[in-house]
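Visitor: When you get a sec, could you build the whole thing from the sequences and use the hints?
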Amino acid sequence: MNLYTLVTGASSGLGQSIAVRLSDNRRLILNGRNPERLQQTLNSCANPDQHIVWEFDLCDVQNLSDSLGAVIAERKIAIDCFVHAAGILKILPVRSVTYKMLAEVLNTNLVSAFEIVSLLVRRRVNQQQLKNVVFVSSIASEFGAPGFSMYAASKSALDGLMRSLAVELAPNVRVNSILPGGFRTPMTEAMLSDPTVEAKLVRDYPLGLGLIEDIVNAADFLTSDRSRWITGHQLVVDGGRSINIAI
Amino acid sequence: MTIVFNPMAIPGRRILVTGAASGIGRATSLLLGRLGARLICVDSNGEGLEETAAAMDGTGHAFHVRDLNQLDAIGEWLPAIADASGKLHGFVHAAGIPAPWPLRAISPASWRKVFSVNTEAALTLAQVFEKRRVRAEGSTSIVFISSVMASVGSPASVVYSMTKAALEGAARSLALELSAKKIRVNCIAPGFVKTPMLNRVEALWDAGERARVEALHPLGFGEPDDIAHAAAFLLADAARWITGTVLVVDGGYTAQ
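Just so you know, the protein sequences line up as chains A and B, in that order. If you count the first sequence from 1, position 69 lands on 69 in the numbering used here, and the numbers rise without skipping. If you count the second sequence from 1, position 107 lands on 107 in the numbering used here, and the numbers rise without skipping.
Among these hints, one or two may not hold up.
With a cut-off of at most 25 Å between alpha-carbon atoms, the simulated BS3-like pairs for lysine-lysine come out as follows [claimed, not checked]:
1. B:181 with B:87
2. B:194 with A:131
3. B:181 with B:113
4. B:131 with B:181
5. A:90 with A:100
6. A:131 with A:76
7. A:200 with B:181
8. B:87 with B:182
9. A:200 with B:182
Please keep in mind that the hints were generated in silico from the structure rather than gathered at the bench.
Guide: Laid out in structure tokens, this is it:
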């Protein structure tokens, strides 16, 4: 039976870059919403013919288990590693947040991860093959910022889930999270064209803004045997941002 | 054949490791040697240092018997070593003294000796490392071996906890002070690892205590290599955007 690594959010940004890196020596299940962009990720991966594309909107948590369960059963595979990189960031004053928005953020960022792990530790579904789980959290899990109520709540809950899973599923499964600070993406490039935004980021980030590869390196480390005694840990990758309460 | 960029590689980097004669310091030295680094291994135990030297891969390593209790001497011997061996790209302060003493058994003399090696030596090393005579150009990395006892407690661990918590506090402020010079500063907080230090602590335990302590680690006791891999990660370019953090490597000890 072939073992696969599931990467959610693989159609763009960090999830895509993690998938491309891990494709060097793993078979992948690439999850995302947009089929064209998933295909682009697949084409960028090493050995494109050995990976599986699973097109599914993780916000649909009611049908998630059935959909992923069907992929596993039809292909007669098992998943030994799960990287949850899917996430939506909505920045909005708390007075403007609706329940519908909150549910969308929590479902995608948190509940989907819960559902996936819960499925993958069922013996009949995944043959006890799950060994390693990495959640992409955020330094917003630990610190407050205006407009971040939905996002921060989802990431703090994700880290709470991570710690409990680490203890409950040891010693068979390791579970950790990565807490990135702000790193350069096509989205932040647009923000950086504003000089006041750039000045604030230079002041806040002692090592400057990160690159997507900096976060990929952390995911690479946590999914490897080099971290075999690390579980229940929040790995902060933020260029010193979270210890720097700047004036 | 394609040559794949390996962000974990550290070929040719010159790294100082304290406490290199045993345990985590030795495992870190041996792993970094296998990864292509050139090591400067320091310890007060010359015999253990020779054993480390005999097990090392690669060439260009140096071994020096030094007592880290002599803080003033660090400013003398470290620049001299850099003159002889070349400037450093980083260091790992793995030297540490256990202190499994209850409150009633400690005295200023006993805790100062532990504080001196575990904490003050780390700070002095950072101070001397910052100098242009010692530190190589470009991005460099400092790694302090702390302990889970910096953030949680345990009976008869007051002195050890104090030294490690102070070490983590120093690391955070050092990270901010030195970031402009591209010096990264991070800690690793191990749980109980199978080392000679654990053996010394274990000698004081009742029967059954070893199993009880191991059971506090969801993944069991760690191996020195587990810490060595974390140190290698923090020294390598893979961690070029990581500073001021504590990488907890404890088999789940502090997650519960």
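Visitor: Can you confirm whether the C-alpha distance between residue 200 of chain A and residue 181 of chain B stays at or below 25 Å?
Guide: 20 Å, holds
Visitor: Decide if the proposed pair is consistent with the structure: residue 131 of chain B and residue 181 of chain B, CA atoms, cutoff 25 Å inclusive.
Guide: Distance ~11 Å between residue 131 of chain B and residue 181 of chain B Cα, so the pair holds.
Visitor: Checking one constraint from the list: CA of residue 200 of chain A to CA of residue 182 of chain B, max 25 Å. Satisfied?
Guide: 19 Å, holds
Visitor: Checking one constraint from the list: CA of residue 194 of chain B to CA of residue 131 of chain A, max 25 Å. Satisfied?
Guide: Given that 25 Å is the threshold and the Cα spacing comes to 23 Å, the pair holds.
Visitor: Compare the distance between the alpha carbons of residue 181 of chain B and residue 87 of chain B with 25 Å, and conclude whether the hinted pair is satisfied.
Guide: 15 Å, holds
Visitor: Would you mind confirming whether the straight-line C-alpha gap from residue 90 of chain A to residue 100 of chain A stays at or under 25 Å?
Guide: 12 Å, holds
Visitor: Hint check: residue 131 of chain A vs residue 76 of chain A, CA-CA at most 25 Å. Holds or violated?
Guide: Holds: residue 131 of chain A and residue 76 of chain A sit about 18 Å apart, inside 25 Å.
Visitor: Residue 181 of chain B and residue 113 of chain B were given as a pair; does the straight-line alpha-carbon distance stay at or below 25 Å?
Guide: 31 Å, violated
Visitor: Between residue 87 of chain B and residue 182 of chain B, does the CA-CA distance stay at or below 25 Å?
Guide: 15 Å, holds
Figure legend: structure checked against the earlier numbered hints; the only hint not met is number 3.
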